[in-house]
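Counting along the sequence shown from 1, when you hit position 91 you're at 84 in my numbering, and nothing is skipped either side.
Incorrect hints may have been included.
Said to hold, decoys possible - Label pairs and their computed distance ranges (CB to CB):
#, residue 1, residue 2, range
1, Ala440, Asp468, 35 to 43 Å
2, Ala438, Arg417, 27 to 35 Å
3, His27, Ala120, 35 to 43 Å
4, Leu456, Glu431, 49 to 57 Å
5, Ala471, Arg(-2), 49 to 57 Å
6, His12, Ala120, 18 to 26 Å
7, His12, Ala123, 18 to 26 Å
8, Leu509, Ala120, 28 to 36 Å
9, Arg499, Leu477, 30 to 38 Å
10, Ala21, Ala508, 38 to 46 Å
11, Arg106, Glu186, 43 to 51 Å
12, Gly99, Ala123, 53 to 61 Å
Derived from the structure by calculation, the hints contain no laboratory data. For every residue, glycine included, the Cβ atom is placed at its ideal position computed from N, Cα and C.
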Amino acid sequence: MRLHRLTLTAFGPFGTTQHVDFDRLSAAGLFLFHGATGAGKSSILDAVCFALYGSVPGARQQAALALRSDHAAAGTATEVVLDLTLGGRRLEITRAPEQDRPKRRGTGTTRERARALLREHDPATGAWRALSRSHQEIGEELAGLLGGMSRDQFCQVVLLPQGEFARFLRAGAEDRAKLLGRLFDTRRFAAAEAHLAEQRTAAAQRVRAADERLLALTNRVLQAAGPDAAELGPPPEPQDAPAGTDPARPLLGWAAQVRCTSRERHAIAAIALEHAEAAHAEAERRHAEAAERARLQREHAAVRERAAALAAAEPAHTADVARLDRAQAADAVAPALALRATADAEHRAAVLAEREARAALPPELADSPAAVLADRERAAREALGALAAARTAEARAGAIDAEFAALAAEAAANEESLADAERRLARWPAEAERVRRELELALAAAATAEATAHRLALAGARLAAAHRRDRLAADLAAAGAALLAAREAAADAYAHWLDLKERRLRDIAAELAAALRPGQPCPVCGAEDHPRP
């Protein structure tokens, strides 16, 4: 930051406009503001601080009305203009505090609000370009160019008026660290410190994870070893390892001993297992031989019992064989004997039937030979067939007459149906034309109904929007009334606050005089002599 020119009007002890050309003062290197107490040395620094931050440093942080000079004419407005280079940019800051000025019409004064203007010099054209008139925007722009320093930090580092350097020295380590870190950009060192802290945390986490894994492996070794591990005693703890050594080394040695012991016992158990398996195989072989021998003995005993039973049944078997031979010899002539018996029975039945039939014949045919009877039977059968055919034809004639009558009635009914169909067919074109017209009317009505439904939906939406507009209008009116009431209340509160502040400022001299002590600096001018408090 480089100051070029400062212009003060009705500010502090300066009743008129004063100019400070810092470029001329800086040409000789260092320069000094000196003068009697109350001459305005600190007021120049106050003006620089006021131009940058809109307030003054230290104990002079009072109402903005106190910045106005008591020696200024009533029509002269209090104003500070600072021309400086900040962040490689040539800027001009103009600030005026809140102050009273004479009314343009009539008598009395009116309160004028604080104003600010930030301009930037364009090297290409040589003209000043306005950047902003907003206090907030100007403050944010300058804060970015000043590295984010607050007003108190700026006053502690750049401006140290009226003994404020001692206050900086008495500040806490944290406050000074924040300020110096912001001034000298210690972000790299802070980042390195944070990185090392993260690495330390990560290393500690890895160590804890390794200890937990080591403990888990130790527990697994204890479970796998069983009694072998108990004979060697408890495993060593990692924290008991000497400093500077690997905490896992004692555990590895203990695990190696457990492994050797377990391997030795495993080898002994393997040999014992081989002997036991051989003995078991021999016992199974002997058991199989004994079982086979017992099976053969049982089969031999069963065969001997069967042979004894067959020997005892041999006489009965011989008698059965002889009887079977005789039965087979008789079985050869049995069919011929049965056929002869059947033929004799049939002959007797035929003779009896012939006698009964001749007894039923007329006398002239009773002694006729069989050929004559056969011819007479054939002629009788033919006559019976002709009679049956005649009866069938007679019955068929009645059925045909009934069927003819039914067909005639059906034909008459069909004639009537045909006539009715012809009449309906004659009326069909007119009926089709009527149906077509009704269909066209129905389609037109459907289209009209669809359009009407669409218009009805639009009207419903508009009606809902109108209702919502009315509700929102009522809410807006209520909100406007509430806002107006809130603004009036805020204005009344602000006026009351200004009145209280003005009363306090009028009585501030008495308050400051009551706080003065001999030998202590004045909070306004810094002097230790108070001739007229």
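Here is what the structure says about each hint:
Hint check: Ala440 to Asp468, Cβ distance near 42 Å, so the stated range 35 to 43 Å holds. Against the hinted window of 27 to 35 Å, the Cβ-Cβ separation of Ala438 and Arg417 comes to about 29 Å, which satisfies the hint. Separated by about 37 Å at the C-beta atoms, His27 and Ala120 satisfy the suggested range of 35 to 43 Å. Restraint check, Leu456 to Glu431: a C-beta distance of roughly 35 Å breaks the suggested window 49 to 57 Å.
At about 55 Å, the beta-carbon gap between Ala471 and Arg(-2) stays in the expected band of 49 to 57 Å. Judged by the Cβ atoms, the range 18 to 26 Å given for His12 and Ala120 holds: they are separated by roughly 21 Å. As the Cβ distance of His12 to Ala123 is approximately 22 Å, the hint placing it in 18 to 26 Å holds. Checked against the hint of 28 to 36 Å, the pair Leu509 and Ala120 fails, with Cβ atoms roughly 51 Å apart.
Distance hint for Arg499 and Leu477: a CB-CB separation of about 33 Å, consistent with the stated range 30 to 38 Å. For the pair Ala21 and Ala508, the supplied restraint of 38 to 46 Å holds, since their beta-carbon distance comes to about 40 Å. Restraint check, Arg106 to Glu186: a C-beta distance of roughly 47 Å satisfies the suggested window 43 to 51 Å. For Gly99 and Ala123, the Cβ-Cβ distance of about 33 Å falls outside the hinted range of 53 to 61 Å, so the restraint is violated.
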